[in-house]
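Trainee: Spelled out from the first residue to the last, the chains are:
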Amino acid sequence: MDSAVLLRSAHATIGRFPALAGVDLELAPGELVVLEGPNGAGKTSVLRACAGLLPLTGGEGTVLGYDLRRDLVAVRPLVGYLGHAPALYDELTVSENVRFAVRAAGAASSAVPDVLARVGLSGRLARTPAGRLSAGQRRRAALASVLVRRPALWLLDEPHAAFDAEGRRLLSTVMCEARDGGSGVLVASHEPAEVLPLADRVVTMVGGRAQGSRRGGRRRVVPGGVHVA
Amino acid sequence: MWRDALLVVGKDLRIEARSRVVVNQVAPFAVLVLLLFAFALGPDRSPMAHAAPGLFWVAVLFCALLAVQRSFAVESGEGTRDGLRLSGLDPAGIFLGKTAAVTVQLLLLEVLLTVGVVLLFGNGVRSVGALVLTSVLGTAGLAAVGTLYGALSSGLRVRETLLPLLLLPVAAPVLLAGTRAWQAALGIGTSTSGNPWTSVLVVFAAVYLALGCVIYGPLLEAM
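These protein sequence lines map, in sequence, to chains A and B.
Read left to right, the first sequence gives residues 1 to 229 (my numbering).
Read left to right, the second sequence gives residues 1 to 223 (my numbering).
Since the hints were derived computationally from the structure, they do not count as laboratory data.
Hints may contain errors.
Derived DEER-like restraints, expressed as beta-carbon distance ranges [as the list claims (entries may be wrong)]:
hint	chain 1	residue 1	chain 2	residue 2	range
1	A	132	B	115	44 to 50 angstroms
2	A	8	B	211	27 to 33 angstroms
3	A	166	B	13	35 to 41 angstroms
4	B	118	A	107	23 to 29 angstroms
5	B	168	A	191	58 to 64 angstroms
6	B	107	A	213	57 to 63 angstroms
7	B	32	A	193	57 to 63 angstroms
8	B	207	A	124	46 to 52 angstroms
9	B	46	A	109	56 to 62 angstroms
10	A	132	B	195	50 to 56 angstroms
11	B	115	A	69	53 to 59 angstroms
12	B	211	A	193	49 to 55 angstroms
Built from N, CA and C at the ideal position, the CB exists for glycine as well.
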């Protein structure tokens with residue numbers, strides 16, 4: 001089976017700063033891999049490179065079969081990227097933001113109400129301008145924009161940030177469902193308690209390189225978001 | 001491309017309808033510009049009426065700067081720039097959508113400005129059709145070139161000051177041709193036909209619309 005992500009000695013720069021200094025990383029479909037490491041280790045840069053937002057300057061990279069050196073733009077609509085900042089227009093309502101994301105991707109927007117209900121933003125909240133939401137609610141709206149598109153590759157950067165306890169359980173459930181549905185899930189996180197139990201593998205990043213890999217503590221998910229060993 | 005353009009124009013106009021920046025800030029600014037020109041030219045209506053077409057297009061040009069800056073300000077919010085790049089929208093569609101949204105906003109402002117010109121400067125209108133045609137063509141060209149240079153400058157820290165420097169010289173043909181075509185439409189001076197100047201506006205709009213469709217993708221990457 002082709003890898004969802006395959007990086008071989010991948011290099012990338014942000015300005016003159018070397019963000020990736022020879023990363024080797026492989027992620028199979030249906031696998032959940034956590035990137036850990038100190039600030040500035042290159043975790044976000046790996047995710048942005050895989051999303052087609054950071055061009056590779058050296059090495060090789062393929063995402064969902066597309067060459068990151070040649071087909072950078074083609075990768076973008078296929079991945080679900082949840083970055084530090086939610087991609088929301090403050091003046092548009094939650095529902096309008098999610099519908100715009102879905103229609104832009106060429107997908108049907110009929111699933112939007114169900115997805116908004118699932119992330120806890122149905123009813124009045126769905127009609128609220130995104131600029132009036134709390135940080136956690138904005139995060140839920142951004143998650144809905146990704147969830148409704150059912151991407152083949154999930155790229156999540158500090159996904160648990162700003163979520164309350166119920167939101168964290170929801171997010172963990174969504175991540176596991178995506179993995180169990182055959183999508184690749186790549187997560188950068190500083191919250192090992194949240195993500196390590198879900199991970200198939202944990203990759204340690206240091207200085208723009210993947211320094212090592214170990215098994216994660218993957219567990220089975222049952223409905224309701226409870227993790228059972 | 002057209003589907004994407006419709007999606008973007010709908011989004012941008014909806015954002016403007018909610019934020020009311022054009023209504024609450026740009027429209028008063030446009031009226032203020034006309035009023036200041038009227039004060040500067042004094043109470044004699046003859047020079048005012050003669051200068052009215054040029055003043056109209058200068059006011060439109062200033063408003064275009066504000067509208068274009070606003071159009072890109074909404075894309076510079078938290079994560080929205082990445083969201084637009086990840087959306088899968090055709091860059092040409094994004095360009096046409098943003099251009100159309102700026103065009104619609106400017107045309108609404110121009111209705112207000114035209115009323116102001118007639119009331120303040122005492123101009124009559126010889127050909128309403130020519131006036132409307134000139135306004136639509138000139139505005140489409142201004143919006144296209146503005147959207148192009150707006151994208152070019154939006155990724156830079158000095159974008160607020162750089163955009164006027166880039167846009168104003170390039171938009172000079174619209175100012176010139178729009179003024180001459182408006183003079184003909186208002187029956188000012190010896191000019192009886194605005195056709196050659198209208199042709200300039202057609203060519204300007206066509207060139208920048210085509211150019212924008214081709215190079216907006218690379219510009220979006222540099223944003």
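Trainee: Each hint should be assessed against the structure and marked as holding or not.
Mentor: Hint check results:
The given range of 44 to 50 angstroms is broken by residue 132 of chain A and residue 115 of chain B, whose C-beta atoms sit roughly 36 angstroms from each other. Hint check: residue 8 of chain A to residue 211 of chain B, Cβ distance near 38 angstroms, so the stated range 27 to 33 angstroms is violated. Take residue 166 of chain A and residue 13 of chain B: their Cβ atoms lie about 36 angstroms apart, and the range 35 to 41 angstroms holds. The hinted window of 23 to 29 angstroms between residue 118 of chain B and residue 107 of chain A is violated, with their beta carbons roughly 49 angstroms apart.
A hinted range of 58 to 64 angstroms is violated for the C-beta pair residue 168 of chain B and residue 191 of chain A, which are about 50 angstroms apart. Our hint of 57 to 63 angstroms for residue 107 of chain B and residue 213 of chain A holds, since their Cβ atoms are close to 59 angstroms apart. Residue 32 of chain B and residue 193 of chain A have their C-beta atoms about 58 angstroms apart, which keeps the hinted 57 to 63 angstroms range intact. For residue 207 of chain B and residue 124 of chain A, the hinted distance range of 46 to 52 angstroms is satisfied, since their beta carbons lie about 48 angstroms from each other.
At about 59 angstroms, the CB distance of residue 46 of chain B to residue 109 of chain A agrees with the hint of 56 to 62 angstroms. The beta-carbon spacing between residue 132 of chain A and residue 195 of chain B, approximately 52 angstroms, falls within the hinted interval of 50 to 56 angstroms. At roughly 56 angstroms, the beta carbons of residue 115 of chain B and residue 69 of chain A sit within the given window of 53 to 59 angstroms. Between residue 211 of chain B and residue 193 of chain A the CB atoms are about 53 angstroms apart, so this pair conforms to the stated range of 49 to 55 angstroms.
The structure fails hints 1, 2, 4 and 5 (numbered hints given earlier, in ascending order).
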